[in-house]
Amino acid sequence: MAFSAYLIHLGILSCMYVMLAISLNLALGFTGMLNLGHVAFFGIGAYITAILSMQGLPLWLTCILAIIGGLIAGILLAFPTARLRGDYLALATLGFTFIMAAIARNWQSLTRGALGIPGIPRLVASNEQYLFWISLSTVIVALLVSWLTKSSIGRTLQAIRDDELGAMVLGKNVFAYRMLALGVSASIAALAGFFFAHFITFIDPSVFSIDDLILMFAMVILGGLASNKGSVIGGVIIFLLPEPLRFIGFSSSIVGPARAILFALILIGMLVYRPRGIFGKVDLS
Amino acid sequence: MKSILCVENVTKKFGGVAAVNKCSFDVTQGTITALIGPNGAGKTTLFNIISGIQPLDEGRMVFQSEDITGSATHEIARKGISRTFQLTRLFKNLTIKQNLLVAKEVSDVVLKKMLVSFGVKKSLSTKCTDLSYGQQRLVELARALLFPHSFLMLDEPTAGVNPFVREQLKKIIRCAAKNGTTVLLIEHDMDFVMSLSDHVIVLNEGCVLAQGTPAVIKKNRRVLEVYLGK
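Line by line, the protein sequences give chains A and B.
Take 1 as the starting number for the first sequence in the numbering used here and just add one per residue.
Take 1 as the starting number for the second sequence in the numbering used here and just add one per residue.
Careful: at least some of the hints might be erroneous.
Ranges between beta-carbon positions, derived for each pair [what the hints assert, rightly or not]: (1) L91(A) x K97(B): 15 to 25 Å; (2) T126(B) x E128(A): 26 to 36 Å; (3) E75(B) x I210(A): 35 to 45 Å; (4) S132(B) x S253(A): 36 to 46 Å; (5) S132(B) x P242(A): 44 to 54 Å; (6) G269(A) x T11(B): 18 to 28 Å; (7) F79(A) x G229(B): 45 to 55 Å; (8) G256(A) x E105(B): 45 to 55 Å; (9) S125(B) x E243(A): 20 to 30 Å; (10) I237(A) x K170(B): 28 to 38 Å; (11) A72(B) x I237(A): 41 to 51 Å.
FYI, nobody ran anything at the bench for these hints, they're computed from the structure.
Positions of the beta carbon are idealized from the N, C-alpha and C atoms, including for glycine.
Okay, chain A solo, but in the shape it has when bound (with noise of 0.2 Å):
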């Protein structure tokens, strides 16, 4: 692969994670909800955008539908963890990726199962091309959140993820609010999903990986909780750092585990000596 070639991959993919970085801090930084389910929205984006798009529908179709997909579970999502918080909630939610991936692993008639979904059409004939769409889709979802965060929708979450009854006496309808921010932070995930499944052309269940929510869990504290422009960094640091291993000229053996330890060592310094991250506004506690 030709060196700009390798670097519009690595902006494709950088996009991605920033967009999957930006949607979980809504729901984790702003609204203040342990949710380990976000891969799972990810995930459903996939399978929606590669079965659909096996059937022939259009682009355009696919993409709203993998958004719609999305922002249903995240609603869905909501009702049974409504009453749920912290440990409980990241517990239940875990489960909900667990059987997402259960269901994509079994149901072999709709999702083929470990055998996987290939041959799913490209979004466009050529990467530069790609490496536009999505950010000017990464940059629209950036702007998007940005604005609901900096709303009065966005000061309620916070309220929220402060002091739940506090904002309850002030009249505000935490169920709504949580089930709000979930489906809208479930469907940008979803959208990163019908990018991925689009630009890599083949998906299996490895979409609901517990690797990549780690990735994303990282991204979103070494960036800072309830930064939206700390999403932006976290995701494209964590996404890039372990790219200069490549180069070192270890095996892929060595790279993979040594990726994982990267990420670790990562997490737990920021954890101990800089909880808030790089421009994070709240503790993790």
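We have chain A; now place chain B onto it with these hints.
Chain B in isolation, oriented as in the chain A frame:
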């Protein structure tokens, strides 16, 4: 005199213990009513029941001729019941301005004017965690008053504050009442209660022990025995 809140035979049990037991009283519109009693009398539980935070086991509550029994906390708040808590519940990662705007969207000019009148000499961009406890109390009260309301519930407003803030609180509460807000407050500071209230309700073991004007309550033999002392 018209009743704004009617509490009828309200009972709340925790396990076998009745924290509030067939409690009934009315709060008259436009008055300052104090709810007093020894620790464990059920005052805060009653506040939580009225604001929908805790469900009641028996009885009913009527606010402005509307049954609010079983309504959700945010629905009760939207009917015009605003409140503060025994320990301040400000949104700790937000600034003073953001805290106040969650209650109601108003201009910076209005917010600044309000803070000055409350004696809080801090900029709107100050984070709430950077305020002293007394200032936090005042900002929480400002937030409760900014929220559209006709009924204000204050849970121990003077707890942990210095005499200056205490006097500020008294002025603000009087001013709110003068402007048409009905106030129901829990307080242990008897000087504060007796100098501010129009009506006093004494709770003991979840029941209403006595009620009346401050002058009447001060002389009530049962209240003296159970709470005020001789």
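So, going through the hints one by one against the coordinates:
1. L91(A) x K97(B): 15 to 25 Å: Distance hint for L91(A), K97(B) is violated at roughly 37 Å.
2. T126(B) x E128(A): 26 to 36 Å: 49 Å, violated
3. E75(B) x I210(A): 35 to 45 Å: Since the Cβ atoms of E75(B) and I210(A) sit about 40 Å apart, the hinted range of 35 to 45 Å holds.
4. S132(B) x S253(A): 36 to 46 Å: Given a distance of about 59 Å, which is not inside 36 to 46 Å, the answer is violated.
5. S132(B) x P242(A): 44 to 54 Å: 47 Å, holds
6. G269(A) x T11(B): 18 to 28 Å: 55 Å, violated
7. F79(A) x G229(B): 45 to 55 Å: 53 Å, holds
8. G256(A) x E105(B): 45 to 55 Å: Since the Cβ atoms of G256(A) and E105(B) sit about 51 Å apart, the hinted range of 45 to 55 Å holds.
9. S125(B) x E243(A): 20 to 30 Å: The hint (20 to 30 Å, Cβ to Cβ) is violated, given that S125(B) and E243(A) are roughly 40 Å apart.
10. I237(A) x K170(B): 28 to 38 Å: 54 Å, violated
11. A72(B) x I237(A): 41 to 51 Å: 43 Å, holds
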